[in-house]
Amino acid sequence: MGNVSPTTLRVLALLAVFALTVAFFSTQIDSYLNARLFNRTSTSVAIIALIAVGQAFVVLTRNIDLSVGSTVGCVAYLVGGLVAQYPDIQPLLLVALAIGAGALFGAVNGVLVAYVGLPSIIVTLATLAIFRSILVQFSTGGSITTDRLPDWLTGFAQANAIQIGELQVRWMVVITLVVVLVAHVYLTRFRSGRQFFAVGSNPDAARFAGISMARTILVAFVLCGALAGLAGFMFLSRFGNITVVAGLGFELKSIGAVVVGGVNIFGGSGSVIGVLIGATLIDLIDTSLVRWEVVSEFWREAVLGFLILGAVVLDTLLTRRLMRRKIAAAEAARSPALQKEAAA
Amino acid sequence: MTLRARLASYEGFLCAVLLALLVVNTLVLRDQSGVPMFLTSDNLINMFQLSAEKIIVALVMTFVIINGEIDLSVASIMGLAACAFGWFFQQGVPAPVAIGLSLLIGLACGAFNALFIVRLGIPSLVVTLATMIAFRGIARILVEDRGITDFPDWFDRLGQAGLIGPFPLAMVIFAFGAVFAWVVLERSAFGRKVYFIGSNRAVADYSGIDVGRIKTVIFVASGLVSALAGVLYAARLGAIRGDAALGFELDVITMVLLGGISIFGGSGTMVGTVLAILIVLALRNGMGLANITGHIQTGVLGILLILSVMVPMIRDRLTRLFQRGAHGTPD
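Protein chains in written order, with the working numbering: chain X, 1 to 344; chain S, 1 to 331.
In case anyone wonders, no lab produced these hints; they're calculated from the structure. Being a predicted model, the structure only gives us computed values, none of them experimental. Don't take every hint at face value.
[As the list claims (entries may be wrong)] Computed, partial: chain X to chain S, Cβ under 10 Å:
(1) Pro119
(2) Trp299
(3) Val303
Yeah, the Cβ is synthetic: ideal placement off N, Cα and C, and Gly gets one too.
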């Protein structure tokens, strides 16, 4: 156990909780473990996991982005409106536009936080409202409906990349997995990726090490916005009908996934693999409770809330214990040397 | 404080904004026959009544934020208290007892938050984010997707009719609450400790202040006041649903931050909060009379929120620049 990092330990613990949850529900719900569960859960996780990965970048730098839900809704609406008007638009161009629009929203947050120096919770609380009102202004209360969208767009959410029997892996899921993997490798293996951790765990030390705080924070917000934009595109493809409340509440869900996934809310530690498992766990519990006969579907929110609280409490207690043990180990390692010194 | 310093303070700035807003609202907003709509007693009372619950919670949120914490769960406690009241009432509990039980639930919610924040030292942002979802969840379990109505007449009247003259109970509570909150925050030892802890927790700890006790009191008070606001909300609407007061926490926090209370704790005044409340109410009311929808109103408030944090910042920078220019002259 000695050389397993706390982050890996957290991911392993999460996996154990995940396995326990699946095992528990499979004894409670008839024919629970089937292909449909996988297909449905993986598709809905694909969207929220993307947003949560973006959120993780921001949280790593000791900030928070409450505006992601509005970004998702606004991008979904803008892109949907565009494609309804110009049905011949190139699919890849449309995706690029969605990502670009999201990145632009993220950049607004990033500049205000990183360069103007405003607290992120205030800035994104405000842009949460502002982005939503841009959506309302554009839509003038109307909504986008599935029949106005081209077939390729609505078909994309159902398109399978791999199919083994009943088990379907949608393209959306593949894209999200690729994003998570790339983000993981970037954050753990690249110098600029490590800077997000440095900025979050000790801002002063990061500054003395020559890391540009402002640029790192700006990049985190832009990435978060861009991923929310991509999620907005997927949201449009999956649901087709976009109203002014599209994406409402995604900010809390993504923060929930990040926190359950073991990213420290005060920045500096965590992994996007954990975030992916966290997002999956939350979604799985959410959908399974609806099917569980013992409780009514109205229990979902309460269970989710206490789950997040439980995850945080467990994390805090475990981290403290680990720190204490580390300190004790360091003392123990030092003492022989001290004894020798004393003898000499 | 000299008159000039007073005018240059952030509260002075808020006063100017409020005055400008009142003048614009009074001059511009007219109905089709050209009669001014804003400055009528009906409209002004209506303006307060529509947000009475939020502004009561904003008073206690001022303490929470000055103390260096945040409470995102206030709206969920409001919803839970309202739903609990409805649920107890439906189970045949007499309404006065049901009110008392709902307030106790609010108290318990606040204590629950404090338990994790004070005892375990988990950041209040995370704890109240989780309990915001959890308390709302309990409210939904209680009433599911039903609506509960048919409360006793006296209860509905309490929320809707005038208690003292034309002023309904919620407005009276707000008025007394604001004065009480000002006295406690700015004229009592407790209030000084709230500021002290907010500006430097470690120093407060070493100075022998019982930081945990003060924080517990504030979070329990926040729960209790939110529950009271929730019951008032039920009385005003005469009906409750699982999504009662959903999203109110954003409005409440916006009002407080707009009032110049630093999100990092330690500074801000009750006068600032009250002025910001009046600005938000006048702005929303004016936009409402001008037929601007709720979502856009919230967007405008968002812009205002960013500006409100930027203005003191820019002023500080200008002051520093000015002082550097006048280097060598005694202050």
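Hint-by-hint comparison with the structure:
1. Of the supplied interface hints, the one on Pro119/X holds, with its beta-carbon coming within about 5 Å of a beta-carbon of chain S, less than 10 Å.
2. Annotation: Trp299/X was flagged as interfacial toward chain S, and the flag holds, the nearest CB pair being 6 Å apart, inside 10 Å.
3. The closest approach between the C-beta of Val303/X and any C-beta of chain S is roughly 7 Å, which is under the 10 Å cut-off, so the hint is satisfied.
Hint compliance for this structure: every hint is met.
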